[in-house]
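Enquirer: Each chain is listed here by its residues.
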Amino acid sequence: MGNAVMAGLDPWTIGRVLALAGFYASALLAVGGLLFRAAFPGLPSREVVVLDRSTSIAAGSGIVMLLLLWLLQAAYLGGGNWESAFNPVLLGIVGESAQGERLRLALIGLVVVPVALWQGAPRGVRYAVGALGVVLILLAFSRVGHTRGSPWQSMLLMLHLGLAAFWAAALSPLYRVAGSTSSGASVEQLLRFGRFGLLLVPLLLFAGGSLAMWLMGGRPGALLDTAYGQLLSVKLTLVMGLLLLGAANRWWLVPAVARGKPEALLRLRCSIAVEASLMTMIVLIAAVLLTTSSPVR
Amino acid sequence: MQVERSVSRGSLSRGVIRMVQVAVFGLMLASPLLWAHAHITATEPEAGATLEQSPERLGLEFDSPIRITQFDVNGPQGVVELSEDPVGAMAETHEGVPADTLEPGEYEVVWRGIAEDGHSMSGGYRFTVQE
Chain G
1 MGNAVMAGLD
11 PWTIGRVLAL
21 AGFYASALLA
31 VGGLLFRAAF
41 PGLPSREVVV
51 LDRSTSIAAG
61 SGIVMLLLLW
71 LLQAAYLGGG
81 NWESAFNPVL
91 LGIVGESAQG
101 ERLRLALIGL
111 VVVPVALWQG
121 APRGVRYAVG
131 ALGVVLILLA
141 FSRVGHTRGS
151 PWQSMLLMLH
161 LGLAAFWAAA
171 LSPLYRVAGS
181 TSSGASVEQL
191 LRFGRFGLLL
201 VPLLLFAGGS
211 LAMWLMGGRP
221 GALLDTAYGQ
231 LLSVKLTLVM
241 GLLLLGAANR
251 WWLVPAVARG
261 KPEALLRLRC
271 SIAVEASLMT
281 MIVLIAAVLL
291 TTSSPVR
Chain B
1 MQVERSVSRG
11 SLSRGVIRMV
21 QVAVFGLMLA
31 SPLLWAHAHI
41 TATEPEAGAT
51 LEQSPERLGL
61 EFDSPIRITQ
71 FDVNGPQGVV
81 ELSEDPVGAM
91 AETHEGVPAD
101 TLEPGEYEVV
111 WRGIAEDGHS
121 MSGGYRFTVQ
131 E
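Chains G and B supply the protein sequences, listed in that same order.
Quick note on numbering: the first sequence equals residues 1 to 297 in this note's numbering.
Quick note on numbering: the second sequence equals residues 1 to 131 in this note's numbering.
For the record, the hints were derived by calculation from the structure and aren't laboratory data.
Accuracy of the hints is not assured; some may be wrong.
[Claimed, not checked] With the Cβ distance kept under 7 Å, some of the chain G side facing chain B (calculated, not the full set): (1) Leu77; (2) Gly79; (3) Ser97; (4) Ala98; (5) Gln99; (6) Val144; (7) Arg148.
Built from N, CA and C at the ideal position, the CB exists for glycine as well.
Could you build all of it, start to finish, from the sequences and the hints given here?
Expert: Encoded structure:
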């Protein structure tokens with residue numbers, strides 16, 4: 001009993017962590033792409049084309065990762081071998097589990113993403129389909145793990161992930177926009193994201209902080225004296241770095257770019273690139289947390 | 001420019017409000033069922049136990065239901081055949097019955113499973129049957 005753990009770090013677990021991280025990143029970029037598109041109607045048309053293409057690719061990649069995760073999960077449950085990955089009984093067990101529910105919800109959500117981006121459809125239909133996709137994908141995340149069966153925590157997780165997705169998907173278009181700030185419209189997009197940040201950051205902190213406290217059983221000390229808490233602390237530290245960069249962009253770099261200071265442009269692009277790297281690390285840690293360890297609660 | 005900005009903000013508000021409305025409706029449809037996170041609470045025999053005779057059954061006990069997908073027992077003679085194995089059913093208690101009396105020696109039970117909340121779990125324990 002003493003060595004009972006959520007999972008050891010064997011190659012199959014590493015594979016599942018990477019596939020889960022890939023699914024997280026892809027699905028969040030797909031969700032964030034839709035949200036960013038709705039919130040930035042004034043985005044230059046060439047950026048809209050790139051964003052739509054990236055969002056569709058992210059949705060496709062999310063579907064591939066989900067299916068890969070299904071196989072890897074069956075392989076792990078069968079003792080860690082490829083034969084188990086294609087065993088119909090084990091695939092069925094995964095399909096009937098909470099992971100299967102996540103797979104079905106996310107699959108439908110990701111499949112409808114290109115429909116929400118199709119310019120041939122009426123705007124109302126695009127918004128309705130887009131909202132449906134966003135809800136299904138975010139709901140899928142809440143169906144596996146600690147939030148399953150806790151409606152309020154599920155909603156907090158969905159809010160947290162929705163905001164994080166919006167931020168993550170904004171980085172690429174903002175990076176490109178920052179490279180062409182000769183027009184006033186581009187500066188306006190950067191300033192606009194800064195205004196969104198004033199609402200996004202407090203909500204993100206509220207949702208993430210509440211979830212962290214709940215997972216730690218209301219005991220902040222668990223952040224230091226449990227394995228799950230220690231890994232969560234690393235994630236929170238990276239989030240703090242992300243918030244500091246966001247604040248620097250909002251109050252220092254973007255206003256400097258708006259004032260036409262050329263050196264601020266390069267710094268802003270560097271800052272956005274570092275933000276993207278931090279987010280990648282955060283997603284990897286989240287995948288490790290969900291795959292290999294158990295919270296206090 | 002000012003007019004364009006107002007129009008842009010208006011369409012933004014409408015777009016976001018529509019998405020939020022549909023999203024809230026979707027959230028209301030989400031079923032609030034309760035699932036707990038599973039933890040192993042006991043094994044049969046106890047981990048590290050030294051037994052005077054072969055155990056009649058081998059078991060795992062959890063604080064909430066889990067579906068066992070692998071239950072392997074290895075001993076001095078190699079893989080132990082089970083007449084009943086716990087693989088498949090979603091339950092809190094799982095039992096395996098050795099097909100034959102276990103020879104003296106050290107044994108290891110290795111298991112894997114999936115909990116109701118979707119978490120994969122694994123573990124193992126050892127026990128010894130005395131000469």
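Enquirer: All the hints need checking, so say for each whether the structure fits it.
Expert: The hints, checked one at a time:
Checking Leu77 (chain G) against chain B: minimum C-beta separation of about 4 Å stays under 7 Å; hint holds. Checking Gly79 (chain G) against chain B by beta carbon gives a least distance of about 5 Å; that is within 7 Å, so the hint holds. The beta carbon of Ser97 (chain G) comes within 5 Å of a beta carbon in chain B, closer than 7 Å, and the hint placing it at the interface holds. Residue-level restraint check for Ala98 (chain G) holds (minimum Cβ-Cβ distance to chain B is 3 Å; threshold 7 Å).
Because the closest C-beta pair between Gln99 (chain G) and chain B is about 4 Å apart, less than 7 Å, the hint holds. This hint holds: Val144 (chain G) has a C-beta 4 Å from the nearest C-beta of chain B, less than the 7 Å allowed. Proximity of Arg148 (chain G) to chain B holds as hinted, the smallest CB-CB distance being about 4 Å (cut-off 7 Å).
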